[in-house]
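Visitor: So the protein sequences, as listed, match chains E and V. For what it's worth, full-length UniProt numbering labels the leading residue of the first sequence as 1, then goes sequentially. For what it's worth, full-length UniProt numbering labels the leading residue of the second sequence as 1, then goes sequentially.
Among these hints, one or two may not hold up.
Below, a list of computed lysine to any residue pairs in the SDA-like style, where the Cα atoms sit at most 20 Å apart [stated by the list, open to error]: (1) E:Lys13 / V:Asp49; (2) E:Lys13 / V:Ser64; (3) E:Lys268 / E:Asp244; (4) E:Lys28 / V:Ile68; (5) V:Lys32 / E:Phe27; (6) E:Lys14 / V:Asp49; (7) E:Lys14 / V:Asn65; (8) E:Lys28 / V:Leu423; (9) E:Lys138 / E:Lys178; (10) V:Lys32 / E:Glu47; (11) E:Lys28 / V:Arg430; (12) E:Lys28 / V:His352; (13) E:Lys13 / V:Ser81.
The set of hints was computed from the structure by calculation and includes no laboratory data.
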Amino acid sequence: MAGSNEVNVNESKKVVPLNTWVLISNFKLAYNLLRRPDGSFNRHLAEFLERKVPANANPVDGVFSFDVIIDRGIGLLSRIYRPTDAEEGLPSITELEKPLSSDVVPVIIFFHGGSFAHSSANSAIYDTLCRRLVGICKGVVVSVNYRRAPENHYPCAYEDGWAALNWVNSRLWLQSQKDSKVHIYLAGDSSGGNIVHNVALRAGESGIDVLGNIVLNPMFGGERRTESEKRLDGKYFVTIQDRDWYWRAFLPDGEDRDHPACNPFGPKGISLEGIKFPKSLVVVAGLDLLQDWQLAYVEGLKKAGQEVKLLYMKQATIGFYLLPNNDHFYTVMDEISNFVSSN
Amino acid sequence: MGTYDKSISSGSSSSSKPPDQIDSLLSGAGYKVRSSELRTVAQSLERLDNVLVNNYLEISHHLSNDAIHYNPSDLFSWVDSLLSEFNQPVPMPDQSTLSDPAYVNTLVVPTLDPTVNAGVWTEHHAAPQHGIQQQLTVVTAMEEDPGIQLVHVLMTCADTIQRGELSLAGTLIEKLQDLLTRVNTGFGMGKVAGYFIEALSRRLFSTLLYTNRSVYESEFLYHNFYEACPYLKFAHFTANQAILEAFDGHDCVHVIDFSFMQGLQWPALIQALALRSGGPPFLRLTGIGPPSSDGHDSLSEVGLRLAELARFMNVRFVFRGVVASRLDDIKPCELQVNPNEAVAINSIMQLHRLLNSNSTHNSSIDFVLAWIRNLNPIIMTVVEQEANHNQPEFFDRFTAALYYYSTLFDSLEACSAQPEKALAEMYIQRELCNVVCCEGSARVERHEPLATWRVRLSGAGFKPLQLGSNAFKQASMLLTLFSAEGYCVEENEGCLTLGWHNRPLIAASAWQAVAEPRPPLEH
């Protein structure tokens with residue numbers, strides 16, 4: 001690890017509020033305990049430590065939620081978040097799947113982060129984030145509880161994302177009144193951002209319309225060590241070593257980090273030129289050691305003629321969007337709102 | 001040591017509030033930390049980080065595999081417990097819990113600092129009880145299920161009943177019965193709707209609302225519910241693990257079982273006590289059961305069989321049966337508790353039966369909790385349905401029950417053993433019927449959620465004994481081995497819940513009486 005640990009810890013303390021530092025450091029500590037050097041994962045302890053919340057069909061701050069079984073065979077669940085219909089007052093419990101009443105309602109399929117191994121759709125931090133997204137986008141959020149590594153390697157998470165996309169696309173009650181179509185956006189942070197890219201690719205190939213991708217600190221990588229990885233290794237909660245562990249846990253056995261799932265614009269990547277692909281909003285944190293890979297992702301999209309907007313938050317660390325106690329949070333939420341409403 | 005960026009941290013919630021407030025942003029993330037303690041927690045995290053960096057493999061292995069973790073929501077205590085873990089010499093790594101069915105794990109004995117946790121409990125859980133009552137968790141397979149259309153009419157019917165429009169309700173019941181004929185009632189919402197329609201119809205039309213069932217029949221259905229799905233097994237082995245740990249170091253122990261029901265829970269505990277290091281204690285077991293209608297003394301019969309098992313395992317054992325229709329009929333002296341014995345109270349789905357509709361004046365439950373406390377048990381294990389079936393408004397109760405029981409029935413679909421499954425469904429149906437049809441003293445299935453029980457038990461002079469990661473792991477592993485996929489164990493601030501498809505259905509917790517303050521010197 002570059003630099004002494006004391007120096008590293010001091011660096012991160014200077015740039016985030018105290019409660020954020022505590023939250024992310026707590027995750028870092030817990031995750032360190034869960035990853036084993038032999039590549040196995042202490043799933044029991046992970047589930048024990050994870051803070052979860054149940055769905056609530058009674059509205060809280062104008063948002064209610066309920067869980068749906070998308071695929072019983074693999075146990076794929078998603079949590080649906082809807083805004084309360086202001087005219088109707090409290091939603092009757094019979095009206096969970098009541099058709100959307102507005103002309104245009106964005107439906108955001110959300111993939112939580114956790115480096116493919118951690119967290120769930122019912123994790124407290126992601127339940128909170130999804131509720132916020134409902135308010136910001138004035139739409140419905142569908143948070144997918146995809147299968148995780150290392151128990152499930154590539155392409156399980158992508159398969160689950162694809163299943164969720166098809167499910168959402170075929171719900172009559174999620175259609176916007178204006179054109180009787182579901183207005184779909186894909187969103188995700190960390191590994192969720194990576195899943196967004198892959199599901200969007202498949203959507204383009206299969207003719208399902210995705211109106212936009214929102215990726216926050218997306219998880220990409222590659223075999224070579226980039227400058228940002230070397231410079232920021234261990235400084236802001238994340239190490240190269242832990243990133244390597246998660247890629248080994250997710251990628252197929254024997255594959256290296258130039259596998260296209262990890263490195264979409266790398267030596268084994270495909271060209272996106274001429275391919276149907278949604279416009280993207282890519283948020284990169286300036287203190288995230290993965291930023292060179294994320295910036296390369298943006299460049300790759302641009303070179304292929306795809307529409308992409310980069311939001312580079314210079315002083316942001318990973319997880320800045322989890323607590324609304326910093327400017328980056330509000331900037332990004334505004335951008336997401338504009339991105340979704342500009343269709 | 002670096003300083004935190006003050007201009008940014010003023011955005012946190014700690015600046016202008018009284019220092020012992022809980023940080024609201026972290027609370028939203030599932031962590032309860034006092035603002036005044038944030039800095040200390042941060043320092044502890046930093047120390048742990050430094051230690052891990054220098055001794056990663058050794059420390060990480062120990063903390064991950066051997067240490068027992070408690071209540072991760074209480075970040076202050078959790079981080080503190082990790083620090084104290086490696087300040088002690090690392091114990092010899094030993095057997096894995098899987099190989100030892102008697103769940104021997106004596107590396108860490110759960111203890112509790114009453115000052116820290118009592119404060120967190122009373123402060124936090126006194127607050128939004130109203131908000132707690134309104135939680136409604138729904139898991140649904142949605143329109144794949146043709147029975148879902150019945151839900152709309154069921155809800156409307158419940159609403160008309162609540163408003164007293166009984167003749168309209170009757171018409172809706174007829175409509176429901178008609179709809180039912182066009183839906184597959186063999187599975188899914190169609191099947192569940194059938195039960196609810198029947199319950200509503202009994203509520204409206206039946207003069208015989210509460211049939212007296214034979215004890216034999218009740219026990220028979222209970223036994224099948226036990227076999228067909230893991231809820232009772234989870235209740236038993238989680239309670240037994242906590243009791244086993246609480247009995248550590250005690251030579252005379254007395255378990256009082258509030259609902260003996262053929263004693264299914266106890267062979268495993270007898271075995272575990274037999275195998276504990278240092279040898280078994282003298283075990284007294286008092287089983288409480290209802291009077292039998294046919295003169296058949298099943299309490300004693302089962303007691304005799306348990307005594308034989310105990311003798312075979314070289315555990316000194318005495319069984320007593322206590323007959324009572326209701327827990328508040330019991331006089332504590334009947335339980336014959338000796339002052340020198342460690343007492344464990346075991347209540348599996350019994351406490352809710354003592355509740356009534358009045359949330360403030362609950363003499364039965366208060367009376368029973370008071371005499372429990374006076375017995376000064378070293379542990380009280382409580383398992384309850386994780387549901388809100390005692391709300392004042394009928395419509396709210398009905399809605400909660402609809403989604404609770406539909407999830408419960410859904411989990412039962414995974415069971416293929418017959419006739420266990422069919423009989424287990426009957427068991428559930430009777431419980432559901434009581435929630436929907438009955439009122440007043442006949443309605444005994446007055447389930448309340450864990451959050452409400454926490455407030456009630458804390459108010460009655462009990463403090464939580466936390467269930468740790470060892471109990472969690474054990475429950476998860478046993479589920480993986482013996483039950484279908486879809487069941488999930490969750491940790492909830494020192495308690496464990498078992499649910500289906502991320503919806504908790506049953507909650508297990510453990511409690512201890514708060515020590516009485518010293519009595520004044522003069523009388």
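Visitor: It remains to establish, for every hint, whether it holds in the given structure.
Guide: Taking the hints in turn, this is what the structure says about them:
1. E:Lys13 / V:Asp49: Roughly 13 Å between the alpha carbons, so the hint for lysine 13 (chain E) and aspartate 49 (chain V) holds.
2. E:Lys13 / V:Ser64: Since the Cα atoms of lysine 13 (chain E) and serine 64 (chain V) sit roughly 26 Å apart, the hinted pair is violated (cutoff 20 Å).
3. E:Lys268 / E:Asp244: With Cα atoms ~18 Å apart, lysine 268 (chain E) and aspartate 244 (chain E) stay inside 20 Å; holds.
4. E:Lys28 / V:Ile68: Given that 20 Å is the threshold and the Cα spacing comes to 19 Å, the pair holds.
5. V:Lys32 / E:Phe27: holds (15 Å)
6. E:Lys14 / V:Asp49: holds (17 Å)
7. E:Lys14 / V:Asn65: violated (34 Å)
8. E:Lys28 / V:Leu423: violated (48 Å)
9. E:Lys138 / E:Lys178: Cα-Cα ~16 Å, so holds.
10. V:Lys32 / E:Glu47: holds (18 Å)
11. E:Lys28 / V:Arg430: Since the Cα atoms of lysine 28 (chain E) and arginine 430 (chain V) sit roughly 48 Å apart, the hinted pair is violated (cutoff 20 Å).
12. E:Lys28 / V:His352: With a Cα-Cα distance of about 41 Å, the restraint between lysine 28 (chain E) and histidine 352 (chain V) is violated, given a limit of 20 Å.
13. E:Lys13 / V:Ser81: violated (23 Å)
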